[in-house]
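Visitor: Here are the chains, one letter per residue:
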Amino acid sequence: MAHHSSTHKWPTADFTRVPYRVFYDADIYRSEADRLFRGPHWNYLCTETEISNPGDYVISYVGETQVVVNRTEDLTIMAFINSCAHRGAQLVRRLRGNTLSHTCAYHQWCYDTKGALLGVPQQRGVKGKGGMPADFDKAKHSLKTLRVETYKGLVFGTFSVATPPLHDYLGPKIREQIDRIFDRPLKLLGYYRQRIPANWKLYLENVKDPYHAGLLHLFHVTFGIYRPTMSGRVFMDETQGHSVLRTADIGEQQADVNTAYAGIDKYRPDYKLQDPSLFDVKPDYPDKVTNMILTIFPNVMLGQVANTFQIRHVRPKGLREFELFWTYFGFADDDNAAVEGKLRQSNFIGPAGYISLEDGEAGRLVQIGVEHREPSDMSVIEMGGRGPIADIDTLSTEVALRGFWKHYAQSMGFAPTGAD
Amino acid sequence: MRVLSSEAAPICAIRVLLDDYTACLDRDELERWPEFFVPDGIYKVLSRENVERGLSAPLIYYYSRGMMRDRVTALRDALTYEFVYTRHLVSGTQIARLSDGAYRVTSTFAIYQSTEEGVTRLFCVGGYEDRVAMTPDGPCFAERTVVVDTFGVLNLIAVPL
Ligand code: FES
Ligand SMILES: [Fe+2]
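Residue numbers (the working numbering), protein chains in the order written: chain B, 947 to 1366; chain L, 1163 to 1323.
Hints in this document: simulated from the structure, not taken from any laboratory. C-beta atoms are modelled at their ideal positions from N, C-alpha and C, and glycine is treated no differently. Wrong hints could be hidden among the right ones.
Label-pair ranges, simulated between beta-carbon atoms [unchecked claim]: (1) Asp-980(B) / Asp-1188(L): 44 to 50 Å; (2) Arg-1332(B) / Asp-1239(L): 34 to 40 Å; (3) Asp-1188(L) / Glu-1286(B): 49 to 55 Å; (4) Glu-1317(B) / Gly-1263(L): 54 to 60 Å; (5) Arg-1093(B) / Leu-1260(L): 51 to 57 Å; (6) Asp-1202(L) / Asp-1279(B): 29 to 35 Å.
So that you can see chain L by itself, here it is in the shape it has in the complex:
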């Protein structure tokens, strides 16, 4: 990808954001997860089946950091789900500057899960569609929409994708 030199710094910072997001989830540092978003940021998980048919029902729909923190609290203290390790593989990232100064970022991902007995399965593939805002604290997600191709979900989605 050829970039103008004035674009190199923000693009680098956005790539660091994407990598750090992945590392946060794969290292089970969920408490940091809401901080990747602006305070009224949107996190949505959508089924590709619904998106292609113009149907609005989301799998997950959070529109504040508070809701994301609530999810983390529930995952830690309340919800019953299988313990697994996860690994995200993210590739094909494309970054485009929008006229309002934010960036549109799209990537492809695959998430593997490994059980406590060390058996690995492909859990989910899909795409991230992000709107990244440049804030004084660096780039943050104004919106991260996760469109899953694996909408025949392998049992359940507990931790964020």
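Just chain B, with the same shape it has in the complex:
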């Protein structure tokens, strides 16, 4: 954006620095609404499983904008801004439901599932007086719709005509990882919601950061879901705005673990659970992947932690808060033991989970910490090296954050190279 480029140059060309003001500057936040959420990007909306029948709808968000996603009579999926074409009232008032027409509470304008205006009460007036002008054309007063595309049951929307097809937007490396998990019908297990007191991008940083995962999260480390000494890989799509962190329980040597954690209190080889039965669950895939975190620019994450599979939608709620909206699922062909295993392992994830609760705290700590730093202050992101941003076979890296910030800066129109 023009008003940026003079004041907001990115401090380094290799994105090893991030100005803290991206987490507290209200102008930047407003600009994100235009350039990211209304820009040429696909925004995650919901899963197809949640709207499988004609008339099924859910309310989701693109940035802070409420969007209704619904299944039409002809089984297509349509999405529109949840605001009436008359005087703007919120149209759909419940988060989920089933209806083949949506009627606004205020003056009863009525729309079909594709957003077309069907009826306007008193269009021809009352007792020959009043009413809409004779040339009022309902066809010109539809709801504001989004482009919608799906991939493997995941529903995305975009306001921009410039957004490339979803298939290409994701790219082959990301699609391959989605294919691995979404290879069979889902079974919805539930939702979690967290209001995290931090800028939404701090969560994207967090889930792109394998460095913290083995240091902040004792459960990961001690019980072998995740250690940097496991076989691990961080890779990105062509834009480097999407990324995958993968850990597999392959080739780990105890000696390496001991070296990596020498002097670190968080690793406690003596730590034992009195009831370890929550680890006693058969793997869902034979590939020994214990942890897979896939993020799609700008604001959704698909994750596997042990036997748990989740979609985490990062919904901004103002500059300093976001809702982390979790959709927790299993698979339609899970037997009772597999379902029970996923319920037990819900103890790892969500707002109360052994691993995930700490990420909410990490966001809070960073927001507090950066809030009153000097305008020119910035974070240091050098784990894994400086210079070119490239995929790497280690978990001792922050390179995926640099990829995210690169794509973010480009999308936001920050001047591309170092000012100093």
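We have chain B already, so just place chain L with the ligands on it with the hints.
Guide: This is chain L with the ligands only, laid out in the frame that chain B set:
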């Protein structure tokens, strides 16, 4: 509430159990928390959103005292979360005897958190749905299900509710 005199003693004991549970948490005596349950007792925290939709994913799901002790150990030694004081306000308790001799007990709660700087916020409201067993050691929770209305959780849930 009118109670038959033969019911008065167990009902009194159950009310003491509820009050003691609250005091244990509010005084940060977490090590005592698993002892409010029978050894294979169930402690669950559920989101009202999921309960109303018949979705099974719990926020917390422990089915043994061992798991509860593991939570306490993690809270004490491992997990990173904000230090807060808590106060539970519990009201509207209803107690009904079941045919198997256990009791079904339901209550409403509100939990306030206060920070180290003394700023208080309403953290969570919801309901307890208990199955209380009468044991030789007095009443214990066979199951305590906490259904939270505040399922848009204020950042995170660390200590038990
Ligand atoms: S605002 Fe919706 S009908 Fe008037
Ligand atoms: Fe984390």
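Visitor: It remains to establish, for every hint, whether it holds in the given structure.
Guide: Okay, the hints, checked on the actual structure:
1. Between Asp-980(B) and Asp-1188(L) the CB atoms are about 47 Å apart, so this pair conforms to the stated range of 44 to 50 Å.
2. Checked against the hint of 34 to 40 Å, the C-beta distance between Arg-1332(B) and Asp-1239(L) comes to roughly 36 Å, which is consistent with it.
3. Take Asp-1188(L) and Glu-1286(B): their Cβ atoms lie about 33 Å apart, and the range 49 to 55 Å is violated.
4. Checking the proposed 54 to 60 Å range against Glu-1317(B) and Gly-1263(L) shows it holds: the Cβ atoms sit about 57 Å from each other.
5. Under the hint 51 to 57 Å, the C-beta atoms of Arg-1093(B) and Leu-1260(L), about 56 Å apart, fit the expected range.
6. Between Asp-1202(L) and Asp-1279(B) the beta carbons are some 30 Å apart, a value that agrees with the proposed interval 29 to 35 Å.
Checked against the numbered hints given earlier, the structure breaks only hint 3 and satisfies all the rest.
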